[in-house]
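Chemist: Protein chains in written order, with numbering that gives the first Met the number 0: chain H, 0 to 534; chain X, 0 to 534.
Treat the hints loosely; a few may be bogus.
[To be verified] Output of the computed footprint for chain H on chain X, the stretches with three or more beta carbons under 8 Å from beta carbons of chain H:
(1) 81-91
(2) 139-150
(3) 250-262
(4) 313-321
(5) 499-511
In case anyone wonders, no lab produced these hints; they're calculated from the structure.
A virtual CB, placed ideally from N, CA and C, is assigned to each residue, including glycine.
Protein chains: 2
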Amino acid sequence: MAVGDEARQAAGEQADLLLANCNLVNVLSGEVHPAEVAIQGGKVVGIGDEYEARDTIDLGGKYVAPGFIDAHVHIESSLMSLFQFARSVVPLGTTTVVTDCHEIANVNGLDGIRYFLDASRGIPLDVFVMLPPCVPSTELETSGARLEAEDFKPLLGDPLVLGLGELMNYPGTIARDARIMSKLKLFPRGPVEGHAPGLSGLDLSSYIAAGPESEHEATSVAEASEKLRKGMYIYLREATRARNLLDILPLVDGRNSRRFCMCTDDRDPRDLLERGHVGSMVRMAVKAGVHPVTAIQMVTINSFSRFGLFRKGAVSIGYDADIVVFDNLEEMNVSMVIKDGKIVAREGKALFPEVPEPDVESKFHVAHFGPSRLKVARGGDRLRVMGLVEDQILTNSLVMELTDRNEYVQSDVGRDLLKLAVVERHEGTGNVGIGFVKGFGLSSGAIASSVAHDSHNIIAVGSSDEDMVGAIEQVIRMRGGFAVVAGGNVLESLELPIAGLMSRKPVEEVAGKLKSLNTKAKELGCRLEDPFSVI
Amino acid sequence: MAVGDEARQAAGEQADLLLANCNLVNVLSGEVHPAEVAIQGGKVVGIGDEYEARDTIDLGGKYVAPGFIDAHVHIESSLMSLFQFARSVVPLGTTTVVTDCHEIANVNGLDGIRYFLDASRGIPLDVFVMLPPCVPSTELETSGARLEAEDFKPLLGDPLVLGLGELMNYPGTIARDARIMSKLKLFPRGPVEGHAPGLSGLDLSSYIAAGPESEHEATSVAEASEKLRKGMYIYLREATRARNLLDILPLVDGRNSRRFCMCTDDRDPRDLLERGHVGSMVRMAVKAGVHPVTAIQMVTINSFSRFGLFRKGAVSIGYDADIVVFDNLEEMNVSMVIKDGKIVAREGKALFPEVPEPDVESKFHVAHFGPSRLKVARGGDRLRVMGLVEDQILTNSLVMELTDRNEYVQSDVGRDLLKLAVVERHEGTGNVGIGFVKGFGLSSGAIASSVAHDSHNIIAVGSSDEDMVGAIEQVIRMRGGFAVVAGGNVLESLELPIAGLMSRKPVEEVAGKLKSLNTKAKELGCRLEDPFSVI
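Looking at chain H on its own, in the form it has when it is part of the complex (with noise of 0.2 Å):
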């Protein structure tokens, strides 16, 4: 057969780099075997057969996976730019993410889901979006932005926007709300990320029918099967808090492997530093029995599968040239990782350089804040609280007697009973909503955050309304962040410049602000772990 020689090139015969000497992980054949992979233009080309190359790269017997993909993440929980996330999970392994932007969404609107869109071009890292459908998440709060299925109109050409993001509001979509239903419409083939802690039967049935396609917050085998045989995929999910992996994992088996991916939803930069990212929970699965194969496929080509991504997630002819090397299937220590064919970091290091970042607005329209905002007058004898129950989301609610006569509440350190102020930052409506908390265990200063779910207002705790207003003007001062004051001092603080939400620093200096600030709150009293995650 006569082959000219464009052809020979397409073959791979005169490739850009060809990786010799390794054992690839086969995703599509389910093996792992010797190869050489030959790519080109950004795209793999050839393998196993005998190439010629630019440049060639001995492996050396390593391993060759696909690029990893986290099919659910909310990049504004690892509280770093697009940039510095990618500079922090791409040496892990990690090419490609799937965002929901619910939390800038909520702040910024479509000029957030915006920043996601043009942050990503020029980094090795594929950030695909989901439009989030829940923005506000409730009525009952005052958020940045409300979005309806014609303000995503503008959005639906982009490749990168892939679908809807996680509807949350499951009762609403059961009752089939016009405006959710409208937004569902968009995307009439999916994907749909679905979104339903507990939900079960009749209601589960309905919500499903109505489009949600995925879910990610099942806890057990019994609620994942369920969901599963109705048709979900299922999201094994590895968040800083939420952690799911292992109660679900005993579900997988080789006949319905394909319809599970893995996702961290939100994980803090904590969390990354320490355990890493979804390569992370490869190595669980795989420590937990899981065969490397099938472990690997849930971070690669079933993702991408569910998303219908074409020729990506796996190692093989015409596919973009993701890829990671690792030295063996247990430990998976990443050594190199390539991105549209180029290598792009090398022993967990990020070898691509910074690129200018979109800004976006950090909304703190919050006119003259002072102590009189945080009064709050004696309405009885009795208070209502709020009682926090460490490392759970729920809250007790409780009822406290008040055992001075003062005309005006605050909060009595003796019985850990502080206030807590929300500060609407969004419209400048001079809203505060004041209400107090057992558990916090501040026995001076206060603490304040802008990163306070789903809303995003200006979030307070303290001991005395001064060290309150303090660590709140300290918030609106750094256009965002995380503040510890004590005695009219700012002890510690983090910058989130980026919608309140996000800094520009790199992953090591942010989660060290975040262990310092959770030191000073320690020495504060506070009985919290993790105050910033609570608040």
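Got chain H sorted already, so can you dock chain X onto it with the hints?
Modeler: Just chain X, lined up with the frame of chain H:
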């Protein structure tokens, strides 16, 4: 949670049809589990909960699986109209076919493709069409049409048109022939079907890099393994002649089974009547030791996923209610078939009415055909002869001595030297190609056919020019078909008036005629089991 009426209905509580007391082959969860299946508006709306429905069928523990899909079939090979094909395969559990219109397009071009698209409306069989890229399949013959990429454009918006059919011209593909590449560009994200028997190494890599994503021609584990590793879907094929399922099945395991589909490619009416359709392949696989759910996945969700067909191929919530009911997991005797929520076959009988089919021109532009057109002047003392090899498409090339001194060369039945004529029928060119064949065995009479891959001109073989003319005239008179003629009499014939390729008669009748034609040919001395599939 408050649930409105509409939502309760969506949840299947007021369903159209309830399949109660069944064992569900759940191709998503990979299990067989007891279930109730609620159907409404042609979709599955509930599984396993408590529903009310207008009609309830107690299946008494029978098995319920998704309707089967044939991933690659040339319906023309059934010799039947689409309606009659549907009538023969739907009661066997097939509810979807992906048909590659290569044969009819080589005769009638776009009109041939439109025949399948139009004829599929109103019958309970989803017929998805792959556009044939090789029309004509060779420049050496006169076919009835020539289709370039531009010609396909009017069909691209049709939801039944999925992608590009089998790309048989692999040398041209490897050479990046411009006409082929422009057809591939019509479907940049596929699906595109491959056809590259025996291709391997760099040539295979180059072929795959150009676009083709599947292979149904692999005949060994080694061949299929290389193609699987290099990214191709493997279609296990059991055609009437080419049978490869058992050869390749050992390659299938729990980590790669999703990449395997099943197809019949070409099954003649006797085979459809005796072995059945893709369900027969599931039975073979199960008998060979494959888990029944894995085997059923290969005729359901695997193929639907491969073709990107959304919410089809599983009995699960939101999926099309295309369902097959059978008695057990070994013999799988089908007792009921449901299409879009309606019962369309019971106990092997189709329950749907015949619908009027569109006409397709049956082109027989052959004027004044007579014995003079078969005359071959003697060119020397030797004759080049094709030697047929029974049960293979391959032929040997022989050279035989002429033993007489006649001016014109005639068939010599004493030495089994038979004249073979190909009569151009599409363009009215008057072209007749004549050769000689050994191994056919006719001692008297002649046979003729208008089914002659891939251009489907009229082909005839005979012991005398007179009977060859008689057989050819009979085919022309019928506007297509098969004929056996001897001593000037038509001994048997089958009309194929749809493009000269297909009958409007039921499978039993077409199969009966085919058997009778073979018997008559055998009585005339024919040594081939199946002369009409050879010529």
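Chemist: Next, verify each hint and record whether it holds.
Modeler: Hints, one by one, checked against the model:
Coverage of the segment 81-91 of chain X by chain H is violated in this model, with 0 residues showing a Cβ closer than 8 Å to a Cβ of that chain against a need of three. With 0 residues having a Cβ less than 8 Å from any Cβ of chain H, the segment 139-150 of chain X misses the three-residue criterion, and the hint is violated. Counting residues of the segment 250-262 of chain X whose CB lies closer than 8 Å to any CB of chain H gives 7, so the stated coverage by that chain holds, three being the minimum. Counting residues of the segment 313-321 of chain X whose beta-carbon sits less than 8 Å from any beta-carbon of chain H gives 5, enough to reach three: the coverage restraint holds.
Requiring three or more residues with a Cβ within less than 8 Å of a Cβ of chain H, the coverage given for the segment 499-511 of chain X is violated, as only 0 such residues are present.
Going down the numbered hints, you'll see the structure goes against 1, 2, 5, while the others check out.
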